[in-house]
Amino acid sequence: MKRARILHNGQPTDVTVNNDHQAVLADGTTLNENDAHWLPPCDGKIFVLGLNYADHASELAFSAPEEPLVFLKGPNTLIGHNQKTCRPDNVDYMHYEAELVAIIGKTAKNVSREDAMDYIGGYTVGNDYAIRDYLENYYRPNLRVKSRDTCTPVGPFIIDADEVGDPSNLELKAYINGELKQHGNTKDMIFDIPFLVEYLSAIMTLSPGDMIFTGTPEGLADVKPGDEVVIEVEKVGRLTNHIISEDEYVSSLKA
Amino acid sequence: MRHSRILKAGIACNQTEDHGTDLIASQDQQWLPAINGTVLGIALNHSDLRDQMDAAFNEKPHVNPPKTPVLHIKTDNTHIGNGVAIPAPADGETIYAGPSLGVVIGQQATRVSAADALDYVKGYTVVNEVSLAENSFYRPAVKAKCRDGFCPIGPWVVDAADVKAPESLQVATYINGEMQHCTTTAKLHYGIAEIVEYVSSFITLQPGDLLIAGTPPRTDKLALKAGDTVAIEIEQIGRLENPVVAEQEIAS
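Protein sequences, first through last, are from chains C and A.
Here the first sequence stands for residues 0 to 254, numbered as in numbering that gives the first Met the number 0.
Here the second sequence stands for residues 0 to 251, numbered as in numbering that gives the first Met the number 0.
Pulled out of the complex, with its shape left as it was, chain C reads as follows (with noise of 0.2 Å):
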């Protein structure tokens, strides 16, 4: 089962997702792809993983650490499929990461490596924007680096774990309008998702929608207004994303 969320009649509406990309109402009602509005599929706690792969901790010219870096997010930054992110002006660096994230399905606390599993409900392709130009040396990455709003495309839906099976071996792939950028597997992770799930529930109680991005592969580049973003997570989905500049962010504000 593929589920999502999208804005309908301007109400919050859960839907299923068909093999066609079309969202499926209650009623049995089809909307195609690209007539819906789509939401994050979820919500709850965000956790993301720095230097969660050995390749990209090196691009960023860190050794890989010893301990997960897992930094937080707040609800502001999410946004769904096919929306718009806006690029700051006046920076340098705004880079695109392309994520596998791990949906909690069930509340975990103490959960060990071996029972992790039992506790991931699905999975979705998460983009994890940072603009490099904001880094400071206090709780990095800042908030103002990684929490902005637009700045967390998810989705389109959660997939069941079960209908992925192993999320240790699966394809990543970024493009910058249609260009591919970005190309990584998740068998290169440094922690994998049981250890993640270990680690995090031994720290505190995790629940049900808690999303859990696991990283980035090496490949980053720079992204400008007007591009389009995919990421492409392999047997989870296809999240697409449009950069936008500040100044049509803040009228979109006004609209």
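Note that these hints are calculated values from the structure, not bench results.
Note that CB positions come from ideal geometry on N, CA and C, so glycine has one too.
Be a bit skeptical, because a hint or two may be false.
Unchecked claim - Here are some of the chain A residues that sit facing chain C, going by a computed Cβ distance under 10 Å:
1. Val83
2. Arg146
3. Val198
Since the structure of chain C is provided, determine the placement of chain A on it from the hints.
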């Protein structure tokens, strides 16, 4: 007026009452966290802590002092109401109270100027931003700050109109009834309007969101252990009191 959230017969209810002079909450109610939005803390925003960090700011890994307010997130599992137990880690690691003024947002705020910022503030509450030792400000403090029950909030939100001079309020911390620590909101490095301006420059704040204005250095005076009762009292606002209980006792 003051506004709280309480549990009645298992249902969360909003409660509004006149704001009297009594700062102590009734023990006959089951208090929920006084807000249910996103909770952002402003770290390194107390002048005593900044003074203490002054040399470290210029050393590795920081290299430079912070240019902007330093934010962190207190996840929803940390939020608890007045009277609810703060779980102390089973391994006995020391935890510290984090007395702070809480700034509650009243209307959606995007890109608000400091001049207009206070129009977006609904009111004020008391926060105990509990933490393990703050050994590092380099990487996000998820482990230190996001344990279950590490953010008592309440007992209520007092309307901004009922709070005179929110930037010169006494903030007192009592452990087992004895005042152990006393500070003032005059020690905030960035003031309330500046914080709202900064956060809203990239995060749209929603009604019910909470900003933890700033916590002092976690000295031994603020150390808590299982069996303690900790109370944070802010003049004109309220007294937020919570027992500290070993987490293994709460779980059973």
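Now the hints, each set against the structure:
The criterion of a C-beta within 10 Å of any C-beta in chain C is not met by Val83 of chain A, whose closest approach is roughly 14 Å, and the hint is violated. Hint on Arg146 of chain A holds. Least Cβ distance to chain C is approximately 6 Å, under the 10 Å limit. A cut of 10 Å between beta carbons decides the hint on Val198 of chain A: the least distance to chain C is about 8 Å, and the hint holds.
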